[in-house]
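Can you make the complete structure from the sequences, with help from the hints?
So the protein sequences, as listed, match chains A and B. For the first sequence, our numbering assigns the number 1 to the initial residue and increments by one for each residue that follows. For the second sequence, our numbering assigns the number 1 to the initial residue and increments by one for each residue that follows.
Don't read these hints as lab results, they were simulated from the structure. Please note that a few of the clues may not be correct.
[To be verified] A few chain B residues facing chain A, derived, Cβ under 10 Å:
1) Tyr13
2) Ile16
3) Lys47
4) Gly58
5) Ile60
6) Gly64
7) Pro91
8) Glu97
9) Ala103
10) Ala105
Note that beta-carbon positions come from the ideal geometry of N, C-alpha and C, so glycine has one too.
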Amino acid sequence: MDIFLQQILNGLVVGSIYALIALGYTMVYGIMGLINFAHGEVVMFGAMVTITVISALVGAGVSLPGPLLVIIGLLIAIPACMLIGFTIERIAYRPLRGAPRLAPLITAIGLSISLQQVAILIWGRNYIPFPPILNHDVITFLGASITKLQIVIIALCLLIMVGLLTMVEKTKLGRAMRATSQNPAVAGLMGVNVNSIISATFVIGSGLGAVAGVMVATNYDQAHYYMGYMIGMKAFTAAVLGGIGNLGGAVCGGILLGIIESLGAGYIGDLTGGFLGSNYQDVFAFVVLILVLIFRPSGLLGEKLADRA
Amino acid sequence: MSLLDVKNLQVAYGGIQAVKGIDFHIDQGELVTLIGANGAGKTTTLKTLVGMVKKASGSIQFDGKDAASIHSHDFVRHGLAMVPEGRGIFPKLTVEENLLMGAYARNDTAQIQDELVRIYDLFPRLKERCRQLAGTLSGGEQQMVAMGRAMLSKPKLLLLDEPSMGLAPIIVQKIFEIIQMVAAEGVTMLLVEQNARLALEVSQRGYVMESGKITLGGDARALLDDERVRNAYLGE
Ligand SMILES: Nc1ncnc2c1ncn2[C@@H]1O[C@H](COP(=O)(O)OP(=O)(O)O)[C@@H](O)[C@H]1O
Ligand SMILES: [Mg+2]
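Now the structure itself:
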């Protein structure tokens, strides 16, 4: 029983981060019908930039409380990632609007690789440790343990997601985003600058990605040029699981995938008589992806999966 | 000077000429209809007027400005609104959100709220369904949404592309009543219709379009009596 609760808690932490990243995939898909496979790299840049900023501050002898240093790092990483997302759309995707759907897909994969190469040039190929500025105190209850940091991660993810959903549902910008995703030509007729809406979508998604990247880095105490690939694939899976294009679906899909993966990792040893260990946990995400694509391609909350993916 | 003045307008899709050099004008306060068979180029003409399709040549003067200088998403800010063919509602926005999209380019919040109330007075059905997703409405109700939405942009010129298409006769009647009410409020309109008789009956002037060209034009009453119109469009 303890291990069950423990795995649920672990799943919630990872799952809420997946959800935050999945929102970036699903927002872009909703508005342009495009899978931005470079989104994982935006997440990676968020982590890298934050670590660099914090390390520089610590190295310069600035002594501020850890959480404050992380906030300063975020305040630089978020706009940096927004700029990356904005630029990606402008130079890579916009010229391909109306092109056959394979073209932006290949471009997305090429972009993802290019961004990794840029990260190697800046930060090298090694793991970059997160500076030891955060408190990893553990809270224990009902036999399961969770760090205060992880509680903050879950709470912040939920807060951001509620904020985003409220923005999309209640504000004029959100209404214009939904209108554009449903009928861009008519949205233009209403005076919506569709290009600006698409830019805004990339910028917001990338900002969320930056925050997620920092959460990953604090949770695992490190970052790496390749980290965006796996977490990006997981989050993409979460978006498909929830119903790609559907914001609420991305949130549910992310949290659910985190929990599935975590329970899987916890029990895989027992299930296979010790043949497979918890290092096989990544397999679960892709098993889920395959099962969803076979049995419910529209995802949990999606109505239909457009064939344009 | 006319509100809208179109000279030698030509529009092509790839190599195919859809509009082959047409001239027409609309004066302030007029209700003008453009009739013609399927494929004549009516929708293409309207889309060109609101910048959804680029013209090949010719000139469009709207309210004293050259339309070529207007960004495609800014036409509504210059006073041009369109009820598109097939209504073009946002199916997963509520009725009220659809209507408010019509006012997207405006910032006078208080006045928008007043006009929303007026639209609901005009279309009580929409008020009852204001929180419903527009995609769940009947065709006639969706047409009301599209018209209310266009009116909320406070247009100087309202373009209507086949508002009666696919609707039951009793609903068509209702839509035409609304068109006349809107006209009575002083909104200038260009009405594209296949239902030529009804359209000519409510309009002051009309044009007939055939294979990309305007072949007839004039007083709506005169067109109703015209031999060619009667044979080709009024089924007599
Ligand atoms: N997007 C398009 N691409 C290519 N040809 C088109 C397109 N839209 C319309 N056409 C062609 O242009 C001509 C005029 O069409 P349209 O303006 O829709 O006529 P109408 O509204 O009078 O029925 C038709 O021959 C039609 O096939
Ligand atoms: Mg048409």
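Evaluation of the provided hints:
1. Tyr13: violated, 14 Å
2. Ile16: violated, 18 Å
3. Lys47: holds, 9 Å
4. Gly58: violated, 21 Å
5. Ile60: violated, 16 Å
6. Gly64: violated, 20 Å
7. Pro91: Interface hint status for B/Pro91: holds (6 Å vs cutoff 10 Å).
8. Glu97: holds, 6 Å
9. Ala103: holds, 9 Å
10. Ala105: At about 3 Å, which falls below the 10 Å cut-off, the nearest Cβ of chain A leaves the hint on B/Ala105 intact, so it holds.
Hint compliance for this structure: hints 1, 2, 4, 5, 6 are not met, and every other hint is.
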